[in-house]
Structures are given as structure tokens and as C-alpha cells.
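Undergrad: Got chain L; can you put chain U on it based on the hints?
2 protein chains.
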Amino acid sequence: MLEAFLRPKSVAVIGASNTPGKVGHAVMANMVKDGFEGELIPVNPRQQEILGRRCYADLGEYGGKVELAVIAVPTAGVIEAVESAARVGARAAVVITAGFKEIGPEGAALERELVARARRLGVRLVGPNCLGILNTHSRLNASFAHHMPPSGGISVISQSGALCTAIIDLAIGAHIGLSALISVGNKADLNETDFLKALAEDDSTRVIVGYLEDITQGNEFIKAAEAVAAVKPVVLLKVGTTQAGKKAASSHTGSLAGADMAYGAAFRRAGVVRAETYEQLFDIALGLSMQPLPAGRRVAIITNAGGPGIIAADAVENAGLEVARLTEETTAAIRAKLPAAASVQNPIDVLGDADAERYVMAAEAAERDPHVDAIMTILVPVAITPPEEIARALTARLHSPKPVLTVFMGAHDVVAAQRVALEAGLPNYTSPERAAAALRAMCEYGEWKNRPTRVVTRFPVNRRRVERILRRHLRMERLQVGEAAAKDILRAYDFGVPAGSLAASAEQAIEVADRIGFPVAMKIASPDVVHKSDMGGVKLNLASPGQVRDAYDLMMLRITQKLPDARIDGVYIEKMCRRGREVIIGMSRDAQFGPMLMFGLGGIFVEVMKDVTFHLAPITAKEAMQMLKSTRSYALLQGARGEIQVDLEGIASGLQRISQLATDFPEIQELDINPFIVREVGIEPMVADARILLRKRGAE
Amino acid sequence: MLEAFLRPKSVAVIGASNTPGKVGHAVMANMVKDGFEGELIPVNPRQQEILGRRCYADLGEYGGKVELAVIAVPTAGVIEAVESAARVGARAAVVITAGFKEIGPEGAALERELVARARRLGVRLVGPNCLGILNTHSRLNASFAHHMPPSGGISVISQSGALCTAIIDLAIGAHIGLSALISVGNKADLNETDFLKALAEDDSTRVIVGYLEDITQGNEFIKAAEAVAAVKPVVLLKVGTTQAGKKAASSHTGSLAGADMAYGAAFRRAGVVRAETYEQLFDIALGLSMQPLPAGRRVAIITNAGGPGIIAADAVENAGLEVARLTEETTAAIRAKLPAAASVQNPIDVLGDADAERYVMAAEAAERDPHVDAIMTILVPVAITPPEEIARALTARLHSPKPVLTVFMGAHDVVAAQRVALEAGLPNYTSPERAAAALRAMCEYGEWKNRPTRVVTRFPVNRRRVERILRRHLRMERLQVGEAAAKDILRAYDFGVPAGSLAASAEQAIEVADRIGFPVAMKIASPDVVHKSDMGGVKLNLASPGQVRDAYDLMMLRITQKLPDARIDGVYIEKMCRRGREVIIGMSRDAQFGPMLMFGLGGIFVEVMKDVTFHLAPITAKEAMQMLKSTRSYALLQGARGEIQVDLEGIASGLQRISQLATDFPEIQELDINPFIVREVGIEPMVADARILLRKRGAE
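Heads up: the sequence lines are chains L and U, in that order. Note that the first sequence covers residues 1 to 700 in my numbering. Note that the second sequence covers residues 1001 to 1700 in my numbering.
Chain L on its own, in the form it takes in the complex (with noise of 0.2 Å):
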């Protein structure tokens, strides 16, 4: 679709230049000098020449068509430069020029009728106010960026122009070779979704690298990078993730950046594999972009000294992959081949006077043993092989089913072996930490490619009481669900709650008491008592009538204190649980990406110890009963210290059936269910208190 933003076959310049230090002129400089081989096509009125090519006053003049404009006029002239390339054909053209919505109110409404103006004519648009687009494959440099990186299997989105430019000169001094790379300016029009698309069918890019500060439809770009993860792996870079960072983000883009706990949660589920550093992002790529991924964690490292070796082993334990264990037939294999002194345990250390022959021979044997799943290579220049030689070799004696990094560790002697190495296809790394971050990477994508197929599971359930219950909350502009009708909704879902009813009256209290059976927990019943803890409004454990009654009394007297406006919609009497272990479940609507699923063990745990999981909605059952396991305190659950195992599947159906509530209904904004109370395995566990929080329709 966006096939003439990476690969057109005519070019117009609209606002090319003559003059050296102006966007025209570099735009126009780097189609020329990168050897652009279709035709090119500068506009400026006032010059007839430019870089050896006719100059043209109007697009019209040309007599051809134009697949793409590339615009650098000034601000003012961007609308008319659009329309003269639509005139000529174009269907795409790429705003360098700035002066929109970065600069405030003025250049947004400018930027809203560029776009309108741009859809009418059937124009697609990339920026404004970017850097411009590259294509290595089609030697395509529309940008005004210095060079032109060197050519290889990923792609970079990025949404700081000026950033492209520290990664095309990264990309060269680091022989990185990079396919395309989209500066996606102030996403106008065309965005990082669209993007991510059209990468995922350029057979150019193995990998797609993003730098994103917002992204402009969360839900849409999950979908779409889901989609893409399944072809070809998505790497990014999500910026703005700190208070700090989100300040500097709002303050560059004028966007709000999403709540990082829910990017979180949204990557993990498409697949995109989360990037934690600027250097992570291409240590990353490179592993995913040359080698094959991991079938599983255990790595084999070959080292020509301990010290390098024992980095290794740290670092690959670190990064929460294994130090395969060799077969005997693999060390006695290396073993014959190696002076009595070099280790042939893992790390195998094949001694500092190691040649090539050693290193191939003991990368073969690692490639043949089925413990090991993947090979790192570490070599420090104490050799007397030329390191290149070693490089060399190992490039060319390889093309192993199992991902080979190499760790050339320097910056002088071992430059050209790192090259060879970069070129040929092997990823290599100047430490073996990051070797392993990048490893560690590869495996998770991977896991995340065998996964097993998603199939959520639809409860039988009792909609049209929930649709009753919030349509009545709705009708009376009243977005506090109390405990009561929350946990109606609860019931309606097939959630255990204890029997309950509200009571007008203490004598009514004391009816409904009665009838479900002491002891009994009474709560206040008002849309405006949220914390009822905190204003007297809980009382537990009543046992008698007299006791109901002396409750009541003075609860009424103390929220009346405390809340005197306060509309009463009675007490709240239940059936009081009985104890287990508590946990919380809830869910909360994320701006960007819908449904946000949350667990966590109950009171301290999830206040203090902040031990929290996210996951998205809808979440199968595999999902939920993950969700429990990522958290710290899973073994208590599970019945470390003498506690009872607890119902797990218990809690994982309760999260799955809050995730059917929320998907059915998009007015819920927020539901906690704290504490839910679960025990042993074939006891229902218990809603003990629930909360929701309503938006008003058309809020979606």
C-alpha cells in the first residue's frame, strides 16, 4: 500500500535548493549523491538548475508523473505543494517542512486542513515537521540526513527525526544494515501503524525497530503488531515511560503518553519485544535480524580466556537464560581436540592461543549437542590469529539451526573481525552482557511465536440484568456503583457473593439479618461514601439483633457527622465470609488500549509491597493463571509455609469472567473486586467488597 513512500519510481523535490545548509538542497544532495535511480524531479521557481538536473518552476511543467513529493517549502506553501503533486499524479508525499502542530494551536489548525486537503486530493502523508524517509534497497535518501547508512534487514519508525540521524551514524560506525528508516514527524496522516504494515510486507525488513513517545491509536497498533510479530519480529523503544520522561515527552509532542504499565501489557501480548535502552534497541535487532531464533534458553559459550568466560556465564544466569550442560559425547569430542589445559566444560575455554580451527571445531560440537540451544563466542585479542581470521572463519563455516553471537571484546585489534563478523551475518557485541540481552530477547520472541493458540473462553452469563443494573446507574448520571448493585452485577457473572440486602431502616436491618442469618457485616449504602472504612461505614461481624441495631444507629450518627450532604441509600447487611486467603482482582479501562485485567495479593502486598500484575482483556485461561504466577507472592498461594493451597483456578476464572464483563461492557471504566476471598480447592471463593466506576457513554 505505501509502496511509493519506500520504492517510487519518480521523485519530485518541491522546494529544492541551490543553497548548501538549506532542507531543499540537502534533500535534494542526498537523491543525487545516494544514487536515487529513478526520475528526479526538483522544484523551485526560482532557479533552473539544480545538481546538474533541470529545474522546474511548477510541477505542471513536468511533463511526466510523480509518484512522490518530497515537500521542504516553507510552512505557508506545504497545502499548494501538496495540490500541485496530487495534480501530477502523486498519491504520497513526505512534509519535511516543520510549523504545525509542535508549535502550537495556530500550526495545528494549519496541520488539520493540510490533512483534510490531502485526503480530499487522495494524498497520503508523512510528518510534517520529519526528518524524511530512506531506502537503503532502493537508494532512496528523501531526508536531510548526512549519509546514507549501510544496507541490510531493518527497518527503524521513528518518531524523533533527529534521532534517525544518531542511528544512521550509529548504523555506520557500527556496520548495522538497515533497510528503510521512516521519520514519522507529527503523524499528520499517515502513522507508526500504517508503518508497521507496510514493513511487515517489504520483503527488505526482517525487523522492524521502533522509537515511539505515544502512539497515536493504541488499540489499532496492538492489532496491527500482533499481526506483524507473527511475520517478522517488532522491536521498540517506548520513551516517556518516567514522570521525568513523560514531562519531557508532553512537552516535545503536545501528545499524552500512555500509562507505561499498560504498554507493558499491550506489548507483551502482540509479541513486540520491549527494548529497555537506546543501545538495547539495536543490540536486539541485530541478534533477530541474522540469526535463527533459540529453541530454547541454553546457551553454549566458547571463550579464549576464563575471565571474559565467567562474564559470560554471570551474565547469560542474569539474564534468566541457562548454562548449558554439555553432553559427555560433546566434551569428549572437544577434549580430543584441545591442549590438556583448556576447559571443556561450558564456558569451553579453548586457551588463548587459539586458532580458528578451534573455535569452528568447538561451535560445531556445541551446534550438534541437543543441550544447547544457542552459541556465544567470546574472543579477547591476546591471540596470534588475527581475530579477522577467526571471524572469517566462523562466518564462513557456519550456517548453524541454532542463533550464533559473537563477543570480539576491544575496540582497536578486533575492529576488522568485527566487521567481518557484522557483514557475513553474525550479530556481534562488545560485551558479553549485552550478547546475553540480546539472547535473552530472541528466546522470549520465540516463546512468544510457539505459544500455544489463544482461545478465550465465553462463560454462560446473565447480560441483560447487568445491561438493567447499568442503564438505570447511567440514566441517573450515577458513576459510583455502590457495593450493592456492584455486586449484583458480580452475581450476573456468576461471581460467588454472599447473601445480602439492603435495609431502609434498623428494624429492616435487623429483618434481613434474620432472615440470611447471623453474624452479619452491615456498610453504608451511598453514592458519596467511597472509603466506608474510613467514615465508620463498616461494621462486622454483628451477631444479634441488638447488635444490628446499635450498629445502625451509630452509623447513621457518624456519617451524618462526617459527610452531612451525603444522599443514604440505607445499609448494606451480608452474610459475613468466612476468612481465607484474600486477593484483589479488578480491572481498568486504559485510554490506549482498552480493558487493563489487575491482580494481586491482597492489603500489604499489593499497598506496600507493590506486587501487581497487568494483563490486557480479553485473557484466556493459560493468561490468567499467569498472571498469578508473575507475581512475587505466588507461593503463598500456592501453600508455601504451612498455608492451604488456595483455589487458583478459582481466581483465574474470576479474572477471566471481570475480562467478559469488560469486553461486553465498554461504560465500565474501573471494577475492583478487594478483597476477593478464596480458599481450598471446590470452595467458591467470595466477593467480600466490590466497587465500580462507571463513564458516560459516548466517553468510549
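If you're looking for bench data, these hints aren't it; they were derived computationally from the structure. Quick caveat: nothing in here was measured; it's all calculated off a predicted structure. Do not take every clue at face value.
Per the computed footprint, the stretches of chain L lying under chain U, defined by three or more beta-carbons under 8 Å from a beta-carbon of chain U, are [what the hints assert, rightly or not]:
| id | region |
| --- | --- |
| 1 | 155 to 164 |
| 2 | 412 to 422 |
| 3 | 430 to 436 |
| 4 | 537 to 546 |
If you want the footprint, here are the derived chain L segments under chain U, 3+ residues with CB under 8 Å [stated by the list, open to error]:
| id | region |
| --- | --- |
| 5 | 172 to 181 |
| 6 | 379 to 385 |
Glycine is no exception: its CB is placed at the ideal position from the N, C-alpha and C atoms.
TA: Structure of chain U alone, referenced to chain L:
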């Protein structure tokens, strides 16, 4: 003291050779090529001349005094070589030759003989099995490394000779200036502690960097490191920290790596900066060797592009630093000198067309701002101004009392700028994240340097009583001190212990219970029952004589069923403790660093959440309080979630008294108070259960 190793006036190369590829040739060639200015005396009976220098068949032939002997003869000739060096006055020898401890028992025996002979001759040794020693300032390259690194302020002590070659290679390519580089090899005589002390006194060394697999005398090392760190920074990469790494380390060096937690505690105490990765080692050392320490954690970020500014803001916050809030004076001053589109908040965006002037202006404004403690300047190569011009301007015009770190991002157009910065004394990093991590380490070191004087409180205790109890146990070879005796010991160190006494029969138990008052607890007293509860050896809340009798009879029955051979001293009857918050305090004696104190909240917090902290004894009141604060669950002790605030001082005082006890009695191997029951301020915490393990005298 080790002057002869770092700045010898005359160096004999024993085993010098004319054959390229031989170590004895490499050392000679290095000494000549790298311009050693002192006397250079090659020794080899089969050569007349080596590299233009007269070669001596025997060192005796050489008339003068030799200060340093570098020995590269075959293993069997090493001792003789040391003897010949001693005869011409050498008191220092670097033994490069391998074939000693690292090859097995035979080699270890030879190594012991070598050390014994050297000691008698008054010769100190580096090695054997090492790369050698380099000193860029005295142009000494007494090693077989391929190159001499550039000169600078970072000295390196490395337990891996091969890693030194990677370090030198990195230093050359990344323009990192090194001072001395010492490969300690097998550490038969001199070790890391000796060179730590020597480099502390070496004026050319501004930062000491160490790569260590094990530490020979932990306690000595930490004492020395603490003294050295007061003078100059010590940055260490301690490897073998994981199970896999430890295994790799032990097969490599034949030495057992100390527990990683103990290293962590020891380094924290001593002010040693711990690098997490190989790259961090030099990232941190660069900053420390070139820039002043920050007075606080507030960082100003100056960038010519928004994206990298956001990456930097995230990185600063993730590193535990703060993005400085600039004063209005600063923002006004910057605004006056920047185009309207520039962001004058922090990160300060000087825009893509920024020249050197703008960077210097912003840096000077940040330098004057009292809210700024450190400055990070970032440049991506969009600039029209060549990056090296900006680097030159920053280095020429900044003599800031605040640290300045630069991030010239890229690997091609910015390489010249990176080099200009590094050579002039501005540490450069290739990503904001790496700069932030280095800055954090600089902050932590600065905070350690400014820590208040450590005053260890001595509590008045009954030391003689403890002596008697321990003597009795050791005489009987009872290393497990039972609950009753352990509580006696703790009582003598002024711990609150519930009233209680041993009883040998049901009648005696009832008598004791009557005396101290019901309810009581009953616990089996037996040196053979360690986990009392598991064996049915604990009964709580016995409220009457009848319950005491029943409990006694049942307990005896159970124990004889489960452990028929257990020696039983009777039961320990004690007053039930009132409930409160349960914490665990304890001590375990590390083989290297001595008593290590432990603190954690009881039960699940320690066992499931692994929320524990460690600190080396002796401990100050402030450090003990710091231990409490560094647990995640600290908020609970402070009274989060409606819990009472417990007596924090009481816990801290308990830790200090354990510290004193462990220091007073080296025969105590382990001590656990679990639980230590703490309640509100003013109520004495109580030892509910305690366990002490002794070690045999002489095992120290």
C-alpha cells in the same frame, strides 16, 4: 612500597627471546617499542643480543643493580630465575610463566616452594601465570600485551590476564586513558589488596578499577579498600556472582568465590563502587577520573533534539537521579538566547541547528543554577556545526565545579567529537542511559564520602556470662545452642526475653508454669531437634496445669516416635509473648568478611518475598536504621495501612547488640532471633525464639 613494580629504574627480562611468538620476545619487544627509559637487561644463555640490546647469559654478568625482574622462562626454571634476580639486588619480580596452581596439586606445590624461596630472599612476586605489568606514565610495558594503552588516570588490577588485553584494546579504540595495569595472576604473593594500597599512593592514578573473581583476604581487602576509597574511587567488577558464574570461576581459578551478598555488604561498607557489567566498569571510571563529584542528584540535560532528551529524562529517573527543576532565572537567561521554538525547561532543547555557542551558553546557565548538581549534554549529528567544534568549545570553556558528562550519539560523524571530549577530560558516553548510570555511581560515591563519622555504640552487657555458656557448649562439642541457652546469652546482652525455665518432667513443667504464670508455651529442649515445630516440639497458649501435663506427655510421645535417638534435655516452659509485629534479626559469619547482620520482616516477607537486607558488623545506629529502611516492607513498620508504628529504635538496637555479640565472640557462627516481636514505641521487643550455632575454636 611497590614502587619497583610501577617505576623501576632497571628491568631484567629473564627468558628474553629473539623468536617472535614467544612470550619472552613479546615482553622485550614491548619494553623497547613502548620506550621504557630505564635500563633494560635481557637474559638468555643462548643469545648474544636481543632487539639491539646486549643479552646476558646470566644476570650475574650484568654489573649493575636490577630493580625489577620479569620472568618468562619455562616453569622449572622460575625459582632459579628469582634467585638470580635476588643476587643482583632485585626485590620485585613479575612471574609471567604459567604451570603453577592453575594446573593442579603438583603446580600448587611448586608455587608454594616459589613463594617460600622468594620470601627468604626478600623478593616480592606478582603472578605467576599473569600477563605482566604496564605503566603508561613510566613507559613500562613489562607484559606480553600487544599494545600500550593511551595515558590517563585509570589504573587497573585484573585477575584475568586475557581480559587485560581486551581492556587495553578498548582503551585504545575508545580513547580511555589508563595509568597502571596489573595482571595479578595466581596471586601467589602479592594480591589485589597490596596493589590497592600501592595505587592509592600513586599520584598518577585517579581511579582504581578492579576485575576480581575472588578476593584473597576478604577482611583485609575491605579494610584497605575503605581507606583507599577515602582518597580515590575504587570501582570493581566482581564476577562469579551467579551459580553459573561461580562454577565457571571455580573451574578457572580453583578458588571458591565468596557469597555475593557478603560482597555487596562489604563493598557498600567500604565505599567501593560496584559495576554491574564490564562496560559499566569503564563508564563509571571515566566519569570519576575526569570530573568532580556531584553534590546531589539533580541533573540538567542539554540536547539538540527532543527524542534523545526524553530518553535522557527516562534514564535519569530510572537511575534514581532527578531531572533538575531549573530556577526561573536560568530559564529566563536561556530563553533570552534561544529561538522561540527551543524548550527552556529541563531537558533544555537547544535545537537541531545549535552551534557551540548555544551549548556553552546553556551549560554555563545550568552550572550557575543552584538547583543543578550535574550536567549531561547530548548531541545527535543533525548539526550544521561540526560536532567536534562543539566538543572543543565545551572542553575549552567549562571548568565547572559540577560534573559535566557528554553524549555524542553515533559512531561516525561524532567520532572526532567523542575523541576531543575524552582527550580533554570530558567523559563521553554513547547513550544517555550509560551516562546516567555512570552519574548515579558518581553520586553514590560522593554520598559515601560525605557520610557522617561512624560511631559504633558499645552497650553494657554481661560478657562473662556468655563466655561461661559458650565454654560449656564447646567443651561438650555441642555446636547447636538450644533455645534456653540461646535466650540466656541474649538476656546477658540486654535483650527482652520472656520469663522461662527448663523442666525435666511434667510435674516440673507445671511448677514452672505456676511460678511464671499462665498462659505458657512449651518447647522441646534437645540438641538434636533443630526444627522444633516440624517435630511436634512446640505447644503454645497452654492455659492450665492439665493442659501443660497433656502437652508434655504428647510431646514426649511424638519426639520418641519421630526421633527415637534424640537426646532430650526436657522442655522449655516460658511465658507467652504478647502478639506484635514479627521480625527476624540475625547474623551469619561470612568466611571472608566476618559477621554479616540480617534483617527482615518475619515469615512470608523473608521466606517468600525475599525482602531481607544485610550489613557487615560492627554496625552503627544509623546503619542499623538504614537496614530497616532498605526493605520494601519498611512502610509496614512505620504504620502503613493502619498498622501501629512499631519501635524502630528497638529493632535497630537489637541489630547493634547482635553486632556487638558477634564481634565479642568469634565462636558464634550463626545466630537467629526468629521471631523478634516488636510492638509500639516504649514497649520492649521480645525474643520469642532464638537459635545459635557455634563453630569449633581454631576454625576462625
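Undergrad: Each of the hints needs a verdict: does it hold here or not?
TA: Hints and how they fare:
no., hint, in the structure
1, 155 to 164, "holds (count 6)"
2, 412 to 422, "holds (count 4)"
3, 430 to 436, "holds (count 5)"
4, 537 to 546, "violated (count 0)"
5, 172 to 181, "holds (count 3)"
6, 379 to 385, "holds (count 4)"
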